[in-house]
Structures are given as structure tokens and as C-alpha cells.
Amino acid sequence: MGKARFYGYSMVLLLLGLLSLTTIDWVNQAFFKARFSYPAPLIPEWSLPAKEYTVEDLLPYAMRAVEQTYGRSAIGPINQGDKILVIAAQSQDKIAWEAMKTAMLKKGAAQADLITYDQLPRIGRNPGWTEPHPDPQVRNFGRALRYGKDGYLEWERLIVNEPGADIGQRNMSAWLLLNWTRSDPNTTKPDPNLWKQYDKIYALDAGPFARRYLAPKWKAYWLYERPQDLLFPYNSFPADVWKLIDDKVYGYIQGGVAEIRHTDPEGTDISVVLNEAQSMLFAAEEKNPGHHFMLPRPPYFADKFEGVIAGTSNHWGFFPLLKLYFKDARIYKVEGGGKFGEKFKEYIKKYENIQWPGYRVPGFFFVTEDALGTNPKGGRPYWRLVNGTGTVYPNVDERNRSGVIHFGIGLECERSAVGDEACMKWAADNRMPFTHAPHVHIQFSTIQYKMRETAQWITMVDKGWVTTNDDPEVRALAAKYGSPEEVLKYEWIPIKPTINYPGSWEDYQQDPWKYVELEAAGRISRVSPWSVASIVIFWMLLALIWWLMYRSYRKFKTASLGI
Amino acid sequence: MPFLFRLLGGKALLAFALTSLSILLILTATNVSSQHGLKQYVEEQVGKLPWDITIYQQDNLGAWKQLRDQLRSLRHVKQVESLVLVTIPGIPELKVHVDGKEIFFPWVTIVSATQPALLPPELALAKLAEGSASVVTFGPQGFIQSFGARVGSQIDVGLSLQSETSATHNGYHFQAGSYESKLLSTRVSTLSQVDRSQFLKWLLSKTGSISFISPYALTLYVPPADVPDFLSRLFANEYVFSVGHADSPIIPEVTHLISVDRSALVSGWDLAGSSAGVQATIGSAKAVANRVTPFNYINSDLGLTLSKLAAVSRLVRLASVAVAFPLLWVTWIFTSTLAGLVALNQRRTIGLLRLRGVPGATIRRGFSSIMLFSSLGGALGGLILGVYLPVSIYRFTAGERVPSHLIPKIQDPLSSVLYVAVAGLLTWIMARKVLSYVMSRTPVEAVVRVSEHEASSFAPRISELQIVPLLLGSYKLIAWLVGFRLEGRIGRLPPLTGYILLLGDSALNLIGPALFLYGIISILAAKFGVMQRVLLPFGRLVGGRLSKVMIRSLALKYHRVAQVVLTAALLLSVSLYPQVSLDTFNDHVSGAAKVAVGASMGLVFDAGRLTGHSNPGLGEVATIAKSLVARAGHVKEVEEVTPIIGFMPTISLTGASGHTLYFLDPTQYLRTVNRDDGLGIGKPFHEVIGGLTHGVAISKGFADRLPLKQGDQVPIGRSFSGDRISSEMEGIVSYLPGIPSLAPDFREGYAAAEIEYLTSLFASNPYMVASMDTGSTSSIAGTVSDVTLLVKLRPNVDLAAARSSVLHVLPFDPDRIRTVPEEMSALGKDMFIHLSTGNMRLIMWAGILISLSGILVLFLVNYAESKRIFSLLRLRGASPSQIIRLSSSEVITTAFVGVLIGSAVGIVSGYGVANHLRTISLAMTTMATLPSRIIWSSSVFAIILGLTSLLILISIVLGAYVFRRTARESLQI
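From first to last, the protein sequence lines stand for chains C and A. Read left to right, the first sequence gives residues 1 to 563 (the numbering used here). Read left to right, the second sequence gives residues 1001 to 1973 (the numbering used here).
Don't take each hint at face value.
[Said to hold, decoys possible] Listed below are the simulated SDA-like cross-link pairs for lysine to any residue, each with C-alpha atoms no more than 20 Å apart in a straight line:
1) A:K1709 x C:I458
2) C:K3 x A:I1467
3) C:K287 x A:W1107
4) A:K1308 x A:A1280
5) C:K106 x A:Q1058
6) C:K101 x A:P1294
7) C:K323 x C:T263
8) A:K1700 x C:D471
9) A:K1700 x C:E453
10) A:K1286 x A:S1307
11) C:K3 x A:G1519
12) C:K287 x A:G1090
13) C:K106 x A:D1059
14) C:K3 x C:R551
15) C:K514 x C:P497
16) A:K1433 x C:G2
17) C:K557 x A:S1436
18) C:K83 x A:A1236
19) C:K450 x C:Q254
20) A:K1683 x A:E1728
21) C:K450 x A:P1715
22) C:K83 x A:N1237
23) C:K323 x C:R261
24) C:K287 x A:P1215
[Claimed, not checked] Short, incomplete list of chain A residues facing chain C, as computed with Cβ under 7 Å:
25) S1209
26) F1212
27) E1238
28) Y1757
Simulated from the structure, these hints should not be mistaken for laboratory data. From the three backbone atoms N, C-alpha and C, an ideal C-beta is built for every residue, glycine too.
Bound conformation, chain C alone (with noise of 0.2 Å):
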């Protein structure tokens, strides 16, 4: 072989060795039978259960959340003046509140106080009572952690409050608020009109309860429990541009909707049908910042609205996988999902012949709510899942990243054809529960919509990215506060076996709790073993043709040499 021939080879086979390099993902494909189509894992070093942290530390953070003015847990704005109360769990972290409550002074609040749940009376249902409440779990309520392992214990929100025959059912929290908020004056310390005095009050961590309950001084959740809890990109993600995306995603459903089509690689397989008039209730629906309704809820029902949910996550933390059968909106089948599955199929049947007002067929678990999440920064916050919650539920922040699809299971009184009073009135009279209770979240939807003027189908959100997101004016605008790509890129993807990570699908949908301590300990790679190998292998390939190669070489230069 010639010189020049030798050197052009050698080139050949260099470059054939750098690109094999980079063919890692399509080895690892190859080796793991995987559909890496979907967006690859994530896990931001925020989420993770870390370090200590002082309040100087955790200063800068809170500056940031007390400037968020949009989202349903935005701490701003706060005014000159503002007398500011926050409820938090007895687990509330202490730096973490001097950092929070130091930005709000900076910020111009006048005054800014803490108050926990375990100071609030536990003393019985109704106003006026002094004995302790009957309920065990209402008296221990906030003094064990909540873990993430538990997803199943999502139920205490229906289980615990059953024996509240004047309330029906709510989340716990929300229940000792209530509670301290109707008791005597004169026997209850805290003073039960002490919330009166604020002007903002932040409490609770999800659902309509202290809309209910707390308003017109209810101004967020509160879920700034942990430090970590601060360093939540979340909370700084520009309200403008947020606004933009939801703008442009309601934008959409005010055009009209035809037809939906909802999926997901879980199993999730939602079809939807809707005629002209239930498109215009549907793009009439209630409009929530970062929470979106993409199917319409009952009791206006579609033309067609039936499917399957299936997941492995609700609010509290994880099961194993839970399909839920739905026809016009209501569950009648439900298959997998461990405890959480079997507490299902129990109440199914419990309330499948109870009429509630207001609705047109029997049963509570309709599919409510299939809400959909815009703030691109959102994420699963793996320190309370691990670490454990006080009274914030471990799991609920997940639900707010962009494309994160929360579904509700269970009806509203607020949307009763009888209207929310009388409803409200039925459920307390007959021990009922009055809004929705368990649910499962979804990570990689696909979401289409088919117009109702053009029949163009539109993918709104395409294995779990919200398209608006895409949209060129949100990307212009989200350039206003630094590159497009780093404003709106998503900082957590968890990890689904088969689907974005190596792994066994059967293993993950009997535990997936295994693979979140996996992303908890920060411990991902989708690169096999048997990748690297076949790489190495391939090296020594070349190595081998490179030296061949150079034998021919040298013998061609001694021959031309005439040695």
C-alpha cells in the first residue's frame, strides 16, 4: 500500500472511530429494544435531597418567589403594607421561612407571621365544640411524614373525612382551617379571628378548599415547606411568558374543538367527541394559570368521552400501574394499581347507585379534571418524596411542569346543574363527599385537537411537550429574559423503562417506586454495558485493519527502498 493510500485510509478509519462514538444512543436502542423517541431522563440537581442551607443561601431564591405574580401557588405580589399569614405544616423549615419571610419584608410587607397546623385546634366537626375530635387520624393528622412510597394514602382525602358529616369530604388541612376558623373565640387559642387581621393568607398545597373556606384573604398555596422548595426554578419562570402559553393554548379551545384524542405510553387512550354546542361550553370552561382542562368535564358531557387513564403517580406519591376504564365520563372498570386500585374498586361500588343533584347518571368517580401543566420549570420534587412531607403532599408539585397531565377522579359540586349550594347542601345532609379525590398523573401525553371550523388536527402536547411552547411570539418573548431554549427547556423528565430509559416495563409497573429512588440517588444512564462493549469491539476492529494496513505499508517502503 502507498503512502498517500496508507495516510487517506488511516483518516477513513479515524473518522469511522469518532462517529461510532456517537452512535451510542442508537446502540443502546438497539441493545434495549427501547423507544428513545421520547424525551431522555432529567433529574435536576435541585430536586434532589441535599445539602444544609442558611438563609443568605436561600435569600436570593425567595426574592424570586415572592416576585411570581402568576400560577396558583405565586407568592407576589406583595404591597407596602401587606400583613402577610402563612399556615404551614409543623415540619415547616425554619430557614426556609426566615428566607421567605425576609423577602417579603424587602419586598414592603409590614408583617409577616407563621402559625403551623398542629397549633390549630383539633377539637371536634363542628363550631363550638371543646372535647377532642374523634377521629384518630384527624387528632394525629401532620405529626407522621408523608412519603412518596405511599401514593396509595392519596384516599385520606375521601377515607378521613367521611365521619364530617357537615363538610363532606376535603383535604385534611383544609378541614383544621375550617374548623379553627368557625370555633369559639373565647375557648380556642389561636384566636379563631386572627386570620381576619391579614391581609394575605397562604395555606394549603391543592384543590378549591380555601377558596372556599378562606377567601377573600386566601391569596396561594403554600408550599415552601423545605429549602428546596425555594430553589424551584418554578417559581421564577416569567409570569408574562407563562401568561403568553396559556393565552395560546386557550386560544385554541376558544377556536372550537371537534374531536380530542389524548394518549400515552402507559396505556392512556382517551377519545372525545364534541358537537357544536358542547364545544362552545367547553371553550367556555374555567381558565386556572398553569392548569389546564384539555377534555371537557362533566356534568357536560361529550357526544362520545371514553378511554382508558393508566398511570403509576398521583399527588401524594406512587403505585403500581392503575388502569381506569371510563365510558361517558365514568369509570366503570379499573384494573392494576395495587392498594390504591383496590380502595378504587371499593368506592366504586360503594357510590355506584347514589344520584348526585345536579348530574345526570349515578356514581361519584367521574373523569373531572385532565389538567394540563405550563410552567416549563416545574418538577418532582424527590426531597419530600424521600425525605418526607408534612402536610404538603409529597408528589403535588409534579403536576405543574409543562405537559404533565393530573387526571381528577371524582365530581364537583361546584359544577352541579342544582348549582354548588344545594349540592353542597345534599352532601352534607347525606355524608357525602362534594369534590374530587384520588388522582393519576401522566408524564408523556400526546394531545390532539381537531378544529371544529377547519377539521385540521392540532397536536397540543406531543409526548409530553407542549407545542405553545414552540410557538415563534413565546419564544420572542421568552428571548426578553435570556435564550428561548434555556427559558423554556424542561429541567425534569423521569424515568419510564422501555419508553426513555433501559429497563423492564413489567418491573416498572409493579414498582415504580424503585425507579424513582433511582432518580432520587441521581443514579441514571442509558448507556449499556453491552453499548460500550460493542464500541470497544468495534475499536479493535479498526485497530486491527489500521495495523494490517501498516504492514502492507512498511513492506511497500523496504520494497521501493530496494532493501
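Assemble chain A onto chain C, guided by the hints.
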């Protein structure tokens, strides 16, 4: 050593010095010309920036005037103006009263500016007194009916906050009693209709960023004097918005626009220094803003432009090596030939030295010292010439003086060292070749008069591997021709692979044509049979009787033939492609500008201003438009006039935003507009417009969203009773010449996302086109937004004079006037164009000079090799004319093949480069919608003819040179 130096010096010294001088001259001049191109580009870009620094204040809005005053006091700050945009959610407590009647609005936006020019012309023209306002509408919003017909009579609008007096929550009475606070009380005197996307585009162009503008908002434009009171009242009551309304926060923003003293801070020659100076001012402004509120964002188009271009400037110094690649290639061929001459010259001297016992190491050292000294000297000369030659040219041709202290910044020491290293490397390779050749000969071989080894030792290496550059070069040329771009087609590849491929693709943009040339000529040379077949016809034509001798002679030294062909081809291609590129690109820019404006000029009128009220009917506006056409048509400079009426129907087919329906008179329109049939998709543009009598045409932006085909019924709007009105789809247009979109004033200061946004506004703009006489469209409910009068002037008419004549006869002043020259200035400017223009000229002239020198040297070598043959032929009775014919036919034949290949490659490359520049333009404009066509001016033919004649002349002169000595004398040497 001095003895050796003296002995071996002379020609070798000159050859090495000349080589390094050429290389340094090329690299340095390329860099300086690129820096000059960048300087011009910076000046042009900075000239486009209306403001230099922007501060978005999103908190403590009560202190906005205070912040503005503090910014004004900063060093280097010349002017500060502010734009107020406050969007308030329509919470239940917010009461909007229109003439005393409460109306609900989902959002209310207050717009104001300390200088009217900060707002779009539609708003800026509304002269507002204190206490008055103008309603701004972004489309067919329902509330227009609340204002529309009554605006002329003035409407009182009041904004106030009122709480529920009997609100009871959980047994607690909130704010029981009366609670009311007035936020704003104003009198609406005008209604201004602005397309929302045009408004955002305007904001982007004026402030450097867009803002949140709700399409559903009641937008009130108020004078700046009314703003402070409004803001203080609003934020005193912000509490009302903040509790229980987290889904609808106030979105406040005051944009402070700052102008700095550019003459003190910015110099196009020193981008790094200018960038540092501007960044310091930005830092001071940020510090001031932080003192007022930490919740501010700062953006500086000037800072961004300078820092971007300072980085480009650094890159250009490195890239000069790649940009100058074709020239370096020519130089390398030239150098190789020169090396042959040096070898011929030094072989016998060195052989004799070795025979006399001088050690090889000493000769090697001596030769190396010569190389070192001569190349260093040449490099220094090249560096000085490379800087001062272009600088002097700029001074004498354009009167641009470069201060001496900026010279080290233009040609910085680091890149100078790099260039010297490149020159050193090439000279070293050449010296090594010469030395290893002469040292590898035995002394006896070295001293012989004629050596058969020399011929092949300095020829370019040719092997099958040359297929690689040929393939790479062909790929690039084909990609340019068919408009193929690798970006966007590598999505499925692993990121690193994609990145490597893109990097390689970018490199091919610079060296692709040279690789193609090298590849094709090397292959031809390697396959001499092929080359022979190419040469024969020319040989027969030129060589006459001796053509067989000539071909045989060429076959013996085909390496030289390949060199001549390659050099001639490079000469032609590097000389031609800049010219073809510039001609083609400029033609395209001019065509695109004409299509964008639609005619010689476009006059845009707000429909409300034409009718005197704000909800004008289509018929009413059409009548006024006809009268305007008639008046303008009487002006003597005007050949044709036609109107386009913009109308917004009350239907949403594409999400929240609506679409525009343009009404026109097809026959008159086709007579008037600058059009290109390529603007029609699926059929020629004139057929699409001609078919409007039967239905509507839709824009490509619309067609991309709606899967429609010709003949389908397309919903175009709703009737006054709410029924859907449809019409037949007649065709698709990629652009409708003359529509009143704002000129896309692209600039470097835009972030990529902002350019994407502008591109998307252009590419996805959903509109329909209908004939004014179509019956079904007369009953469509909606709003007329504007009327554009397209005016076609007679040939050779002065634009400025015609413009004033037309304006003189019209009863209304247009809101905007668009002309072709203005549009061209927005479209045609691009950094790559600036850089390329400068570089292309340099490459062309330097290419011509070096190639000619190379060819001359090649001819001399050929002559040296062939003179024995010529002498023998003379001895055997060949006539002088036959000898001259043989000598020149060898040269002409080979050079002619080179000229042919080079011309073809040069023209294709030039067209390809123009096509490439068109597609890499900052953002999509009308340029992208028009097909590109190859243009060559007379200068292209002049270049081909001139260079070919020069080659023929040289060959004839060299042929005659044979007779300088007698045949016997020639044989003795």
C-alpha cells in the same frame, strides 16, 4: 556558512521570500478586508438601531419617572424615552364604563409613550390631548361595536375598582360598605386599528423585544401626562388584584429606551473595545435600575450587536485562512512550480558541492538558514503590505482614514503569528521537497545537465483518493444549486454526529469549489486517456500539422499539463465566482424588494382615518379607494394605480388570532404590480389572481394550516347574522405583492428566537385574497383595517418628485409610504454579504495576480523542459510559425481546457454562493419566496475574454522566446 549562503542564495532566497510574502499578503489582506467588511456592517447595523439600551421595569412602576431621570444623568447617555404597557385583568372588581354603561373586558391594556414615534404610525398619528385617549383594536374584537360608530362624537371611558359591598365569605364580611377607586377617566376621540402581529413586530423593531399583548384586551392609548396618576392609583389598589386573582395578575411594564453617545463609544475597527465600552454603560444603567427595583431586565441591541460581531471579528482572523483557501491553493501550485525551478537551479550546485566534499548536514543547515531568513523577510514584507495595501486603498478610494493606534487591533499579533506559522509551514514543506530531492540524488545524478527525475518530483500527488475532494466539492455545488441545506435534516442523528456533519458542511461552504476543481482536474490528470480525449479536439484546432507531436509531448509531461489546467481553472473560477455571486444576489434583492412593495410605491391608509369613523363598511371604503385611484391616476408620472383593501372577518380559523381578507381588482392589480409567476403555488401567479372572479386565493401560511385543494370550499368569514360564508379555493400564493406588512428590518441585535418570530410572521401569515366584485363577500361581517394604494410610475420618472406629486393630489396623508429603494436597504443587508463582498473582490484580484504569476512560472518551466525538443524540431526544418504554433498550442490547449472547466465551476459556484447567501439570510422575507436565477453581467464575459486573451498572449510571447537563441545554443545549455 556565509559562503554557502552566498552560493545557494539568489534564486532560492527569492523563491522562499516570494512564497512567504504571497501567503502573508493573502492572509493579512483577507483579514483586513474582512474587518473592513465587518466595520461597514457594524456601521450599517448600528445605524438601524433606534435605541441602544432597553430596560424593562416590571415592578415599582410608581418610580418610573424617577428611574428615567436617573438614567438620563449617566455618562455617555444622550436620551431616554419610555414606553408604558400595563395590562390589567378584568377581575369582577374592575369596572369599565363606556358612556356610563358598564361593559366587561377580559383585559384592559394601557399604552403610552413619552415620544409618539415609539408607537406604530396608526397610534402615533392620533394627536392626544391630556384627558383623551385612543382605542386600539387588534382585530375584529366584539367591543368595536361599543365604540365604532360613536368615536367621532367622543366617548367617556372610566376605569374604576369597586368591591362587592356585601361580600360574605365564611361568615366574614370583606370590605363591607362602599369601596370605590377611580383608576382612569378619559375621553376616547379616535379608534386605531393595528394588526396585533404588526404591533408586536413594531415593538420588536423599536425596543428590541416583544411584550405581552392580549388579543382580547380593551387597549387604550393615553398621553404620557395621564400615566403617573393612573399608575399611582392602580398600584395603590394592587391588593384588589392580588388576592384571589392569581390567575390574572397585573402585567406591568415600562420600557426605558436609552440612546448613548455612539461617536464616543463605538468604532467599527475596534469591535472588542467598543463592546467593552458599551458594556460598561449597560452595567451603569443596570446598577441605576437595580436601585429603583431589582425586578428589571436589561437588553441592549447595541451591546449584543457589538459583542456578537467582536466574536465574529475574532473568528474572521482565523477564518481568513479558510476564506483565502482558493488563493492559498493557487499559491501552493505556484509554489510547487517554483520549487521545481529552484530544484533545477540548485541541483547541480549542490551536486558539485557534494562532489567537492561538503558534508550533507552543512548543506542542509545552509539551505535551512536561507529558507528561514528569506521566509521571515518575506513574511514581514507580506504582513506590512497585507495591512497597508488595503488600508491605503480604503483611504484613497473611499477617504477612510484608519488611525494608526487601531492597526494592531485590526491585525492583532496573535493572528499575525498564526499567519506566519501557516506561511512558515508551506515554505518549509516546499524547502523540504527541494532539499530532499537534491539530497537524494547521487552526486553524479545531481551534476548531469538534464534529469528525468525532476519532472515527476514536483508534480502534485495524484491518486484515487482525489475522488474524495471531488465528491465533497460536487456535493457542495449541487447543494447550493438545488438549495439543499443540511440543517433540519439531521434531527434523527445523534447530536455529536450532527454537530460534526454541520461543522464539515460549513467548512465546505468556504472550500467546496476549490475541492471540486482540485478533484476533477486531479482525476483528469490521473486518467490521462480522458484528458487526452479532452485535449485532442483543441489540439487539432490549434496545433495544425504538429498536433500529434504536441499531444505526444503533452503525454510525456502530463503532470505539467494537469498543473496548467488546474491553475488556469482556478484562475478563472476565483475570478468569476465573486462577480456572478454579486450579480445574482443583487438581482434577487432588487426583485424581492419590488415584489414586497408591489409597485413603484405603496401608500398605506388607515381605514378609520379615510372614513372619519371607526367602523367603516366595506362598500364605503371601496368607494373612497376608487376616488383615490382616480385622483392618483391623473398624475402625469403615474402609469397605473390599484388599491388593496385589508379586511378582518369575524371568524377564527387559526387559533386565537384571526386572518386578513384582501380585496382587490384582479385585472387592474395584474396590470400594476411587480410580480413573478413563481409566487403562485401549483399554477402561475397571474392565473391565481385571474381566477379570483370565481373564488378566493389563500396564502401559503394559511395553506400550511388548512389541508385544502383547489375547488374546496373554504370558510372566509361569518355573515352579520352569524352564518358561515364559504367560497371556492382558487389557488395559493406564497406572497401577495403590495400587502401592507411592515418592512422586516432585520438586525444582528435580535436573538435567534426573535428572528424566528419575524420569519414565522412572514411565513405563516394567514390571509386570503378576493376580488372586490365577488358577490358572496359583500355580506361578510368584520372590520376594514386599511387601504393600500399601489402606484406604478412611468419609466425613468424621478421617484421623489412623483411621490410629492401623488401626495399633493390625494385628500389624505398616508400613514406609511413604502418604496423599492427603502425596501432594498432592509432586505439586502446581511453580515455575510458585507464580508463576502469585501472578500470576493480581494479574492478576485489577488486570484488573478497569483494565478497569472503561477501560469507564467509554469510556462517558463514548460519552456525549460521543452526547449530541447523545439531546437531539435528547428534543426529538422520546422518553420518559425510552426514552432510558435506548436509552443503556443501546447499552452493554449491546456489553458483552454482549464478556462472551460474554471468558467463552468466559477459560474456554478457563483450562483451557488448567491443561492446560499439568499437562504442563510437572517430571516425569511420575500427573497425566499422568489425563485433565484443566474445573472451574469458584461463584466463576467469581460473577465473570461480578458483572461483567455492574456493566456494566449503569454503563450505566443513564450513561443517567440524560443528564437532568442539559435537551435544549437539551446541544445548546448
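Hint check:
With a C-alpha separation of about 19 Å, the suggested pairing of K1709 of chain A with I458 of chain C holds against the 20 Å cut-off. Proposed proximity of K3 of chain C and I1467 of chain A is supported: the alpha carbons are some 16 Å apart, at most 20 Å. For the suggested pair K287 of chain C and W1107 of chain A, the alpha carbons sit about 14 Å apart, so the restraint of at most 20 Å is met. With a C-alpha separation of about 16 Å, the suggested pairing of K1308 of chain A with A1280 of chain A holds against the 20 Å cut-off.
With a CA separation close to 16 Å, the supplied pair K106 of chain C and Q1058 of chain A stays within the 20 Å bound. A distance of roughly 18 Å separates the Cα atoms of K101 of chain C and P1294 of chain A; the hinted pair therefore holds under the 20 Å criterion. As the CA atoms of K323 of chain C and T263 of chain C are separated by approximately 13 Å, the hinted pair is consistent with the 20 Å bound. Using a Cα cut-off of 20 Å, the hinted pair K1700 of chain A and D471 of chain C holds, with the two alpha carbons roughly 18 Å apart.
Pair hint K1700 of chain A plus E453 of chain C holds up; C-alpha atoms about 18 Å apart against a cutoff of 20 Å. With a C-alpha separation of about 17 Å, the suggested pairing of K1286 of chain A with S1307 of chain A holds against the 20 Å cut-off. Note on K3 of chain C and G1519 of chain A: the hinted pairing holds, with a Cα-Cα distance of about 19 Å set against a maximum of 20 Å. The straight-line distance between the Cα atoms of K287 of chain C and G1090 of chain A is roughly 13 Å, inside the 20 Å bound, and the hint therefore holds.
Among the hinted pairs, K106 of chain C with D1059 of chain A is consistent with the structure: their alpha-carbon atoms are about 13 Å apart, no more than 20 Å. Note on K3 of chain C and R551 of chain C: the hinted pairing holds, with a Cα-Cα distance of about 12 Å set against a maximum of 20 Å. Simply put, K514 of chain C and P497 of chain C have alpha-carbon atoms about 11 Å apart, close enough for the 20 Å limit, and the pair holds. Proximity of K1433 of chain A to G2 of chain C is assessed by CA-CA distance (about 18 Å); at most 20 Å being required, the pair is judged to hold.
For the hint linking K557 of chain C to S1436 of chain A, the alpha-carbon distance of about 16 Å falls within 20 Å, and the restraint holds. Simply put, K83 of chain C and A1236 of chain A have alpha-carbon atoms about 15 Å apart, close enough for the 20 Å limit, and the pair holds. Proximity of K450 of chain C to Q254 of chain C is assessed by CA-CA distance (about 12 Å); at most 20 Å being required, the pair is judged to hold. The hinted pair formed by K1683 of chain A and E1728 of chain A meets the criterion: a straight-line CA distance of about 16 Å does not exceed 20 Å.
A hinted pair counts as satisfied when its Cα atoms are at most 20 Å apart, and K450 of chain C with P1715 of chain A qualifies at roughly 16 Å. For a cut-off of 20 Å, the pair hint linking K83 of chain C to N1237 of chain A stands: about 15 Å separates their Cα positions. Between K323 of chain C and R261 of chain C the CA atoms are separated by roughly 17 Å; this keeps the pair inside 20 Å, and the hint holds. Distance hint between K287 of chain C and P1215 of chain A is fulfilled; the C-alpha atoms sit about 16 Å from each other, no more than 20 Å.
Taken as an interface hint, S1209 of chain A checks out: its beta carbon lies about 4 Å from the nearest beta carbon of chain C, inside 7 Å. At its closest, the beta carbon of F1212 of chain A sits 4 Å from a beta carbon of chain C; the interface hint therefore holds under the 7 Å criterion. Restraint check, E1238 of chain A versus chain C: the minimum CB separation of about 5 Å is within 7 Å; hint holds. Hint status for Y1757 of chain A: holds, given a least beta-carbon distance of 4 Å to chain C, under 7 Å.
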